[in-house]
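Student: Sequence:
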Amino acid sequence: MQGLASLGVGQWLGAAGLAIAPPLVAWLEGKRTAWPLGFATFFLLFGLAHLLFAGNIVALWAAVVLTAIIGIVSKLKYRHLGFNFLAGDVYHLAASSFRGVLADHARMTIPALAVMIAIVLAIIAMALTLAEPAMPLSQRLALFSAAVLLYLCVLWASGGPKRFHFHHLTDGRFHLSAFVASWLGAGPSRRPAFVDIDPDPLPLLPPVPSRRPAGERMPHIVMILHESTFDPRRFGIAVNEAFGRFFTPPGALSGALHVDVFGGSTLQTEFSVLTGLSSLSFGNDGRYVFHLLSGRMRHTLPSTLNGLDYGACHISCDRPSFVNCGRFYQSVGFEAISYAETLPPPFDAERWKRENHDEQLYDHALGQLSNRLAAGKPCFLSIATLMNHGDHRRRIFPVERHADLRRQAVAATGVPSYGEYIVRLAESVEAYATFRRRLETMLDGQPAIIVRYGDHQPSFTTALTGLPPSDPALHRTFYAIEAVNCGLPDDVAAPPVLDCAFLSTLTLLAAGLPLDQVSATRAALLADCAASYFGSTSRRKRRFHRALVEAGMVDLA
Numbered sequence: 040m041q042g043l044a045s046l047g048v049g050q051w052l053g054a055a056g057l058a059i060a061p062p063l064v065a066w067l068e069g070k071r072t073a074w075p076l077g078f079a080t081f082f083l084l085f086g087l088a089h090l091l092f093a094g095n096i097v098a099l100w101a102a103v104v105l106t107a108i109i110g111i112v113s114k115l116k117y118r119h120l121g122f123n124f125l126a127g128d129v130y131h132l133a134a135s136s137f138r139g140v141l142a143d144h145a146r147m148t149i150p151a152l153a154v155m156i157a158i159v160l161a162i163i164a165m166a167l168t169l170a171e172p173a174m175p176l177s178q179r180l181a182l183f184s185a186a187v188l189l190y191l192c193v194l195w196a197s198g199g200p201k202r203f204h205f206h207h208l209t210d211g212r213f214h215l216s217a218f219v220a221s222w223l224g225a226g227p228s229r230r231p232a233f234v235d236i237d238p239d240p241l242p243l244l245p246p247v248p249s250r251r252p253a254g255e256r257m258p259h260i261v262m263i264l265h266e267s268t269f270d271p272r273r274f275g276i277a278v279n280e281a282f283g284r285f286f287t288p289p290g291a292l293s294g295a296l297h298v299d300v301f302g303g304s305t306l307q308t309e310f311s312v313l314t315g316l317s318s319l320s321f322g323n324d325g326r327y328v329f330h331l332l333s334g335r336m337r338h339t340l341p342s343t344l345n346g347l348d349y350g351a352c353h354i355s356c357d358r359p360s361f362v363n364c365g366r367f368y369q370s371v372g373f374e375a376i377s378y379a380e381t382l383p384p385p386f387d388a389e390r391w392k393r394e395n396h397d398e399q400l401y402d403h404a405l406g407q408l409s410n411r412l413a414a415g416k417p418c419f420l421s422i423a424t425l426m427n428h429g430d431h432r433r434r435i436f437p438v439e440r441h442a443d444l445r446r447q448a449v450a451a452t453g454v455p456s457y458g459e460y461i462v463r464l465a466e467s468v469e470a471y472a473t474f475r476r477r478l479e480t481m482l483d484g485q486p487a488i489i490v491r492y493g494d495h496q497p498s499f500t501t502a503l504t505g506l507p508p509s510d511p512a513l514h515r516t517f518y519a520i521e522a523v524n525c526g527l528p529d530d531v532a533a534p535p536v537l538d539c540a541f542l543s544t545l546t547l548l549a550a551g552l553p554l555d556q557v558s559a560t561r562a563a564l565l566a567d568c569a570a571s572y573f574g575s576t577s578r579r580k581r582r583f584h585r586a587l588v589e590a591g592m593v594d595l596a
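Residues in the sequence shown are numbered from 40 upward in steps of one, following the working numbering.
By construction, these hints were calculated from the structure, which means they are not laboratory data. Among the hints, a few may not be true.
The calculated lysine-lysine pairs, modelled on BS3-like cross-linking and capped at a C-alpha distance of 30 Å, are [unchecked claim]: (1) Lys116 with Lys70; (2) Lys116 with Lys392; (3) Lys70 with Lys201; (4) Lys201 with Lys114; (5) Lys116 with Lys201; (6) Lys114 with Lys392; (7) Lys114 with Lys70.
The following label-pair restraints were derived from C-beta to C-beta distances [to be verified]: (8) Pro507 with Lys392: 26 to 36 Å; (9) Asn524 with Asn345: 16 to 26 Å; (10) Ala375 with Asn524: 19 to 29 Å; (11) Phe274 with Lys114: 20 to 30 Å; (12) Pro437 with Thr168: 34 to 44 Å; (13) Thr72 with Lys114: 11 to 21 Å; (14) Arg71 with Arg284: 43 to 53 Å.
Think of the CB as a built atom: it goes at the ideal place given N, C-alpha and C, for glycine as much as any other residue.
Model the full structure from these sequences, guided by the hints.
Tutor: Written out as structure tokens, the structure is:
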């Protein structure tokens, strides 16, 4: 006891750091098989910190703090988005998305940032005030070199960067080691590639002619992305009749939509819908497809419709710089793109900041459609809404708005966030019903197909269901394809579960439009992997990917 009492403050701090580091690393890495690389990663961070701080104790605590920051950020990201924190989040997404994350999750991010800043300042204060022997720079360089060598040996023994397959980053493990390894080849690459591809190409099927009667005009196509929207009935929660018609309109093709993501990363669902491919087919690059595959996709829904003399336009709820969406939308064939954050009056920018209301985008969309109708060409109009996005602990409407609905929703589930979801959903349902009536009037008898879908579930559904973010049930939203002033083909069936990669194909089939070789081949793949495109073991799918590459439809050079 006298020996312990005689220890100085620095020694106590050193002992505390040594006691904290092992359980911290073990907690972040998860299974014991991940511990060796986790501890090697911590030693690497310690060696790096020692280059900045000459004292052992300060360097140790700097490594502990850096480990905690990386790990906790990754844990929070996994909790809300179902995916680990990687290098690509820093150099691809941070600059354009940080403002949105800060605004949407202020109740979480602002306190977290404040704590991180306070801890970093505490480390700096420790370095300035703690008296301890300084290790010579030559020894620190030798220590860092040894840490690098040890890390590389353990990484190689663990399987190298290829160890971190996509499923390893979506099941709550490797929160420290995956982030560091992602800077060394385990994360996004500079040259994307399919991870599900065969050496032999699949022969593409011949084109399929239009099935519309001769002389009948092609239908306008309106595609609406409903942000963070899912059908509560999938979890056994009853909804009223208006909500039921919204998710499963009478006479429509409708069902559950399987998506690649949970809680966020709308861009991945958009990518799949527009290109007919799963973002997961590009492995750990899948989170960054708007960056890595911009300009590389030669066969997309907009480009296909452009080839049929459609005019393709998109109304985005974001700004052009957000996750590189401006470049990507242009590269896939949209001729005109409007961004909510840059729309001039009469668009109400202040209301948009408060509510992100669907009604505002629909008003602008009808104006765009009116201009297109005057030109006499069929129109493909894509709309991405935003109202149900963000933290559902935050109310965006007055407390009396849909108060009964909120009260009933919370009483049925015990989850306040679900009450907010239902209020926003009620606004979406009303806005869409009004939009559809106005659209039908504007069309004046012209045929149209309306395609609607949810991009992902909101993050609160983990609390609603008790399921982890990786559970397949949390990767299902909804889709609905409705006909206006025309009928849907009798021989086109709605799969009970449809992967988002097939939504564009089902749209072309529902519209009765001609199919080129790629679309015809993709339509034939519905029999193999309609419910889960990436999860399917279909060899024809893998050969189809090779055919796309060899035909130049996906440029991976």
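Student: Each hint: holds or not?
Tutor: Consistency of the hints with the structure:
no.	hint	in the structure
1	Lys116 with Lys70	holds (19 Å)
2	Lys116 with Lys392	holds (24 Å)
3	Lys70 with Lys201	holds (18 Å)
4	Lys201 with Lys114	holds (22 Å)
5	Lys116 with Lys201	holds (22 Å)
6	Lys114 with Lys392	holds (29 Å)
7	Lys114 with Lys70	holds (15 Å)
8	Pro507 with Lys392: 26 to 36 Å	holds (34 Å)
9	Asn524 with Asn345: 16 to 26 Å	holds (23 Å)
10	Ala375 with Asn524: 19 to 29 Å	holds (24 Å)
11	Phe274 with Lys114: 20 to 30 Å	holds (25 Å)
12	Pro437 with Thr168: 34 to 44 Å	violated (52 Å)
13	Thr72 with Lys114: 11 to 21 Å	holds (19 Å)
14	Arg71 with Arg284: 43 to 53 Å	holds (51 Å)
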